[in-house]
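Visitor: Assemble chain B onto chain A, guided by the hints.
Letter by letter, the chains look like this.
Protein chains: 2
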Amino acid sequence: MTVLFNRLALIGCGLIGSSIARAARKRRLVGTIVVADASESVRERVKALGLADVVTDDVAAAAGQADCVILCLPVGANAAVAAAIGPHLKAGAIVSDVGSVKAAVVRDVAPHLPVGVHFVPAHPVAGTEYSGPDAGFAELFDNRWSILTPPEGQDPSAIAAMTAFWRGLGANVEVMGAQHHDLVLAITSHVPHLIAYNLVGTAYDLETVVESEVITFSAGGFRDATRLAASDPTMWRDVFLNNREAVLEMVARFQEDLAALSRMIRWGDGEGLFDLFTRTRAVRRSIIASGQDTAAPNFGRSDGQAKSAD
Amino acid sequence: MTVLFNRLALIGCGLIGSSIARAARKRRLVGTIVVADASESVRERVKALGLADVVTDDVAAAAGQADCVILCLPVGANAAVAAAIGPHLKAGAIVSDVGSVKAAVVRDVAPHLPVGVHFVPAHPVAGTEYSGPDAGFAELFDNRWSILTPPEGQDPSAIAAMTAFWRGLGANVEVMGAQHHDLVLAITSHVPHLIAYNLVGTAYDLETVVESEVITFSAGGFRDATRLAASDPTMWRDVFLNNREAVLEMVARFQEDLAALSRMIRWGDGEGLFDLFTRTRAVRRSIIASGQDTAAPNFGRSDGQAKSAD
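Chains as they are written, first to last, in our numbering: chain A, -3 to 306; chain B, -3 to 306.
Chain A with its partners taken away, still in its complex shape (with noise of 0.2 Å):
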């Protein structure tokens, strides 16, 4: 496919912008890839793996002569270099973002972008519990959804654009409100890692179970839980810290009804918990069809519950 971009600065070189600089080279999307990190070991990490033709610690300078930048940083991050880049920002650039949060990131960045720039926010909700630029992969993106939140206003031809690019990449585009997206990804995303760092939490506290007892037996459901709870800590703590109403609002929902079920626990209600079974069981059904996860028992894990019957 044709070049979408000459010049593409991505600002943080983590799981999530290694793998768009590996998908972009792979599939020809853009011509020069710079990269900019604070990180010294993270640089020295992307000049090893050769993800970009330009490695620096400049975000100013790297972001310059860019037609597209793109914000792969924790959403805390986001506005002191928004505030670096902003004066040297080429007019008609456009900048992006890969957030997990939406309306904070519009809040952050757009005061310090100048006009003639086009802002493009996006997230592409995919992701693994691992992290650093060695934790990417080309394919990360494939069949998984990028959702844009443009705000008023902005150039169809940007988002267009970045819609192109995201396809490129091997993702599903769709676009929504900012604040929409983050009341979505609240109990799509948000409040899932939440609960399964607080389950671990209280596993980890428990002092009539040694926590041996708690990884040895964790095949019954716990170890589920853990791999969300090994996400990286810096990103998760500043997508609660920024959108902070719609978690709070999802969490209240889902402690009333937790205690509601316990209720039914208490007092022996075998039919209103079966009903709830019932009802959940369905949900599952409809993500196999969508595509978004497989069918295969415990995920197609590759120990002996993976294999196929015989």
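For the record, the hints were derived by calculation from the structure and aren't laboratory data. Don't be surprised by glycine CBs; every beta carbon is placed ideally from N, CA and C. Fair warning: there could be bad hints in the mix.
A few chain B residues that face chain A, going by a derived Cβ cut-off under 7 Å, partial list only [as the list claims (entries may be wrong)]: (1) N194; (2) R240; (3) R249; (4) T276.
Listed next, with one range per pair, are the computed distances between beta-carbon atoms [said to hold, decoys possible]: (5) B/A34 with A/R259: 27 to 35 Å; (6) A/A34 with B/D130: 49 to 57 Å; (7) B/R259 with A/N2: 42 to 50 Å; (8) A/R262 with B/A76: 18 to 26 Å; (9) B/R259 with A/T(-2): 48 to 56 Å; (10) A/T28 with B/R281: 36 to 44 Å.
Guide: This is chain B only, laid out in the frame that chain A set:
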């Protein structure tokens, strides 16, 4: 290896019962396999799959001549079956089960077993989100743990025989008290399932987010919970009703911790969040090191995210 039981009776033949039948046959652990199931459709599938030498709906007849009788039922069904088979059991026969709770099983089954019959309850900590005889497979127990909870004063040779049987099926064996088992499994299995069911239920009830959005953007973490929440409703209803005290105690701790975590978010305690998220990360590493889960990103799911880095 030598035959451990000349005649094995499996009462109930769903995911676990049919996996025992497959593995016991494959590893030649037993002579004759008798399956009794109350469901005609299950009996038909067991015959079609060739899982047993004898298939019947008569539990008393099935258990009558068996050297080992394993109840592979939702734990709520054990008492009635134990009452039905008790008078027909051979002297020296071993009665076991596969229930996810153990104190309730001892309470429900032991009173119906005549003197001279050995009782060695077991819980294989293995399973998938699928149910029924077609869902089973011979490798289900490979490298998983099976927990034996024999009441005080059981014949050591009977405990040794069930230990050899489970090792023969591919599992590691641990022996502990029924009460402690129920406490450990409450946190490693029962509460993780309960909060997964609850999370999916909460998402299902939202009016501000449509279900199609929850499905579409589930890759953010929600899809993990939907797997646990697709587990067998009858089995799990019985688990919660029969491990009430331990589950409610663990849920109460979980709720307290979640309230504290919500408070950190509300008051912007980034350091507190970061500390917890860093602690929980270590638990994942321990589970992978113990061989109880795969280190592959996203469990090595067979989607774009599961492919290796390029």
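Visitor: Against this structure, judge whether each hint is valid.
Guide: We went through each hint and held it up to the structure:
1. N194: 5 Å, holds
2. R240: 6 Å, holds
3. R249: 5 Å, holds
4. T276: 4 Å, holds
5. B/A34 with A/R259: 27 to 35 Å: 31 Å, holds
6. A/A34 with B/D130: 49 to 57 Å: Holds, at about 54 Å.
7. B/R259 with A/N2: 42 to 50 Å: 49 Å, holds
8. A/R262 with B/A76: 18 to 26 Å: Holds, at about 24 Å.
9. B/R259 with A/T(-2): 48 to 56 Å: Distance hint for B/R259, A/T(-2) holds at roughly 52 Å.
10. A/T28 with B/R281: 36 to 44 Å: 38 Å, holds
The structure agrees with every numbered hint stated previously.
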